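Protein chains in written order, with the numbering used here: chain A, 1 to 283; chain B, 284 to 585.
Any given hint might turn out to be false.
As the list claims (entries may be wrong) - Quick list of in silico lysine to any residue cross-link-like pairs, SDA-like style, CA-CA up to 20 Å:
#1 K16/A / T120/A
#2 K279/A / K366/B
#3 K388/B / I2/A
#4 K297/B / R104/A
#5 K385/B / I352/B
#6 K451/B / K388/B
#7 K385/B / L109/A
#8 K302/B / I282/A
#9 K366/B / T93/A
#10 K396/B / G418/B
#11 K103/A / K385/B
#12 K279/A / N350/B
#13 K10/A / L412/B
#14 K356/B / R104/A
None of these hints come from the bench; they were simulated from the model.
Just so we're clear, the structure is a prediction, and the values are computed from it rather than from any experiment.
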Amino acid sequence: MITIAFTTFKEALRKKMLYLIGALSVIYILLFTLIVRIYVNDFNRGGMNMDYMNELASQIISVTGFYFSSMLVALLTIMSSIGSISSEIENGTIHSIISKPIKRYEYILGKYIGLGIISTAYATILFVLVIIIPKISGMPVSNLMDMPSIIKGWALFILEPLAILSLSIFGSSVFRTLTNGIMVVAIYILGLIGSMMEQIGSMIGNDGLYKFGILSSLISPFDLIYRKMISMVFSDAVITNPLSGGFNTGATSPSIWMMVYIGVYLVGLLVWAVKRFRKRDIS
Amino acid sequence: MVIETNNITKFYGKKIGCKDISISVREGEIFGFLGPNGAGKSTFIKIMTGLLFATSGTAQILGKPLNDISVRKRIGFLPENFKYGEWMTGEDLLSFHASLYKLDKSIVKERIKEVLSLVKLTGHEKYKLGTYSKGMQQRLGLASALLPDPDLLFLDEPTSALDPIGRKDVRDIMTELKRRGKTILLNSHLLSEVQMVCDSVAIINKGSVVVQGNMEELLNSEEILHIHAEDISDEVINTLKKIDVNLAFENNSISMKVNNKDDVHRAASIIVNGGGKLYELKSQGTNLESKFISIIEGGDNK
Chain A
1 MITIAFTTFK
11 EALRKKMLYL
21 IGALSVIYIL
31 LFTLIVRIYV
41 NDFNRGGMNM
51 DYMNELASQI
61 ISVTGFYFSS
71 MLVALLTIMS
81 SIGSISSEIE
91 NGTIHSIISK
101 PIKRYEYILG
111 KYIGLGIIST
121 AYATILFVLV
131 IIIPKISGMP
141 VSNLMDMPSI
151 IKGWALFILE
161 PLAILSLSIF
171 GSSVFRTLTN
181 GIMVVAIYIL
191 GLIGSMMEQI
201 GSMIGNDGLY
211 KFGILSSLIS
221 PFDLIYRKMI
231 SMVFSDAVIT
241 NPLSGGFNTG
251 ATSPSIWMMV
261 YIGVYLVGLL
271 VWAVKRFRKR
281 DIS
Chain B
284 MVIETNNITK
294 FYGKKIGCKD
304 ISISVREGEI
314 FGFLGPNGAG
324 KSTFIKIMTG
334 LLFATSGTAQ
344 ILGKPLNDIS
354 VRKRIGFLPE
364 NFKYGEWMTG
374 EDLLSFHASL
384 YKLDKSIVKE
394 RIKEVLSLVK
404 LTGHEKYKLG
414 TYSKGMQQRL
424 GLASALLPDP
434 DLLFLDEPTS
444 ALDPIGRKDV
454 RDIMTELKRR
464 GKTILLNSHL
474 LSEVQMVCDS
484 VAIINKGSVV
494 VQGNMEELLN
504 SEEILHIHAE
514 DISDEVINTL
524 KKIDVNLAFE
534 NNSISMKVNN
544 KDDVHRAASI
554 IVNGGGKLYE
564 LKSQGTNLES
574 KFISIIEGGD
584 NK
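With the hints as extra help, turn the sequences into a complete structure.
In C-alpha cells, the structure reads:
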C-alpha cells in the first residue's frame, strides 16, 4: 500500500495540472493579499472608528479567502483523482500492477493516501496563508480567531478534500474517467447550490428550499464541511458564503450529527470502492 | 504440474471469453498458447494472472489455487501492452515493481542491474520512459517480469514490438530460463518463433482449446511424402494405400501422407520389394503455421 501511495504521490507531483493549479493559487493569493492591503490602508486612512463595521468587513474578506481557497483545493483534488484508477485501467498500466503480490484494497487505499497527502498539503498551505496574510496586515479579523479554533478549522478544512477524494476514488474505481469527472463535478456543484438553498430556506422559512438543501447535502456534503469550518474559526461568523448576497447565513452551521454522517460518507465510499474493485474484472 | 486448469470458463455477459480450458503445463517447459485474434488467449492469461475472474472452473498455479496472492511472488508477467507513466525512468519503474514484489531491499539494486543486462538495456535506465522506443519498453517490461527470478513466467506477445535481433534476444532469454528450470507460458502470434522454442502447445479457437500436446508429436503427426519411382505395379500402389488410402499417383510420382518416420521406411520398402525403381523420396514435415491454419480453418468450416 505504501509503495502505491508513494508512487501515486510522486506521479501527481509531476503532472502539469498540479503546476497549473499552483500558478492559479499564486495569482489568487497575490490578489487576496492585495485586497487585504487595500482594505487595511483605506480603512485606516478614512479614520473610520466603527469597530463592528471593521470586524464585519474584515471577516467578509477573510471568509472570501477561505471560500475560494476551498474551491481551489476541491479543484486540485478532483483533477488529480478522477482518472487515478480508471485511466490506469483504460491505458493498461494497471495490468502489471494488479498481477503483482498486492491485494486490491492496497491499490485503492494506496491511491487514496498518495492523493490525500497532496490535497492535504495544498489545503494546509492555503489555509495558513489565508490566516497569516490578514494577521500580518493588521486586519481586525485576526482578533476573532484563537489557536484552538484555528486548529479545529484546519482539521475541517482538510476534511473537505478528503471527502471529495473518497467520492472521486470510488467513481474512478467503477466508471470511466470522463464519466467520473462529470459525476464528481456535478455532485460538487449540487452541494454548493443545495447548501445555498438550505441556508436561504432556513432564513426565510421556506420549508421546500430547506429540505432540498438538506437532501442535496446528503449526496454532496462538502459545503457543509466548509460551513462547519467557518463556524469553527469564527465563533460568531456573520457570513459563510461570499456568494450568498450578504444574507446572515452563519446561523445554519451543520449539526454534530451531520458531521458524523460526513465521517460515514467518507469511510463508506472508500469501503464501497474497495468492495466493488475487489471483484472487478480488469480487461 | 506448474499450471493445471480445469474447465476454466469466462463469460462477458453473454459473450464467451474462453470456454472449458483445461491445460497442463509441466515444470521447466515452454508452453505455447496460440490462437487467432479474439480467440480468448489474453482472457485466459488475464485469468491466470488475477486480472479477470473466471465464471467457472478451477486452476492450480505452482500448487496453489487460482488467485492465491502469495504465489504471485514467484510469477512474472509481461502484459501484451506493457505501459507505464512516461514520467518515470527505467530505474524508477523497476524499483517500483521490485517494491510491489516485496523484494529484499538489499538485493534490489543488484537485481535491477542483472535484469537490465539480461534484456540489454544497461545504460538506458536513467532515461525517462517517454523517450523509450516500443521495443525498449517491451524489453523493460520483460525485465520487470524477471525481477523476482520467477519460477513461472507469463509472456503475452513478448516480441510483438521487437526487431529480429530483439526477437532472438528474447528467444535466448527464454531458452536460458528453461535451462534453469523455469516454466514459461508464451502467447504469441509469431508461429515460427513458437515452433522454435516451445515444448508443448495448445491451440485455442473461439474460446476453446482445439488441439493440445507435445510440439514434436503435433508436427510429426502428419508428413507428406513425395516419391519419384518407375515400374510401379498396381500391387505396389494397393499396398501403399494401406498407409494412405488417398494417395495420389501420376506420371511416376506419388504423393502420400504418412503419420511417422516408420511409414517412410515402410513406403520405400514396399516400392523396392515390389520391383519398383526408387529414384527420389522426399519427406516434407508440417510446420506449425500450416498446422495452425489447417486446424483453425478446419474448425471454422465446420
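Given pair status - R104/A, K297/B, alpha carbons within 20 Å: Distance ~26 Å between K297/B and R104/A Cα, so the pair is violated.
Pairwise hint evaluation, L109/A against K385/B, where the allowed Cα distance is 20 Å at most: holds, 17 Å
Restraint check for K356/B with R104/A, where alpha carbons must lie at most 20 Å apart: holds, 15 Å
Pairwise hint evaluation, K385/B against K103/A, where the allowed Cα distance is 20 Å at most: holds, 13 Å
Pairwise hint evaluation, K366/B against K279/A, where the allowed Cα distance is 20 Å at most: violated, 23 Å
Hint consistency between K302/B and I282/A [alpha-carbon to alpha-carbon, up to 20 Å]: holds, 18 Å
Proposed proximity, I2/A with K388/B (alpha carbon, max 20 Å): holds, 15 Å
Satisfaction of hint between N350/B and K279/A, Cα-Cα up to 20 Å: holds, 11 Å
Given pair status - I352/B, K385/B, alpha carbons within 20 Å: Roughly 12 Å between the alpha carbons, so the hint for K385/B and I352/B holds.
Distance restraint between K10/A and L412/B, which requires alpha-carbon spacing of 20 Å or less: holds, 15 Å
Straight-line alpha-carbon gap K451/B to K388/B, limit 20 Å: violated, 32 Å
Restraint status (C-alpha distance of K396/B to G418/B at most 20 Å): With Cα atoms ~19 Å apart, K396/B and G418/B stay inside 20 Å; holds.
Comparing the model with each earlier hint shows violations of hints 2, 4 and 6; every other hint is respected.
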